[in-house]
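With the hints as constraints, model all of the structure from the sequences given.
If you're matching positions, the sequence shown starts at 152 in the working numbering and goes up one per residue.
Hints were generated in silico from the structure; no laboratory data involved. In this text the structure is predicted, and so the values were computed from the model without any measurement. Ideal Cβ placement from N, Cα and C applies to all residues, glycine included. Hints may be right or wrong, so weigh each one.
For each label pair, taking beta carbons as the anchor points, the in silico distance ranges come out as [said to hold, decoys possible]: (1) Cys186 to His218: 35 to 43 Å; (2) Tyr195 to Gly239: 36 to 44 Å; (3) Tyr195 to Glu250: 15 to 23 Å; (4) Pro214 to Arg248: 21 to 29 Å.
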Amino acid sequence: MELLRTVEWVANHDEAHGQLLVRGESLGGMIDCACASVAGRFPYGRLPGRLHLLRVGWWTTVPCRCHRTIAVSNHPSWHYQPAHRGDGGAWYGAEVRVEVRRDG
152 MELLRTVEWV
162 ANHDEAHGQL
172 LVRGESLGGM
182 IDCACASVAG
192 RFPYGRLPGR
202 LHLLRVGWWT
212 TVPCRCHRTI
222 AVSNHPSWHY
232 QPAHRGDGGA
242 WYGAEVRVEV
252 RRDG
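Here's what the structure looks like:
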């Protein structure tokens, strides 16, 4: 299983409802990491809109057992799922959606 980064862009996961999965020990820390990661992908290092927290809580990752085809070559090798605090390998994090501001 891969080691997850602090901020994972998970929009290509079938179970993803947002764009980011952020690991952290506090909600404030996770928001700071998400803002920095999003801003780093846009010109001038500015957040393009707002972040929506979809789910804050405990998560775990499991190896992907999906059928592999050429059409899904960019499919992740792991999936994430909600967990409980005491579950083996569980970590605290938040699923975040980026809402891009439309000017004009």
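If any of the earlier hints don't hold here, list their numbers in rising order.
none
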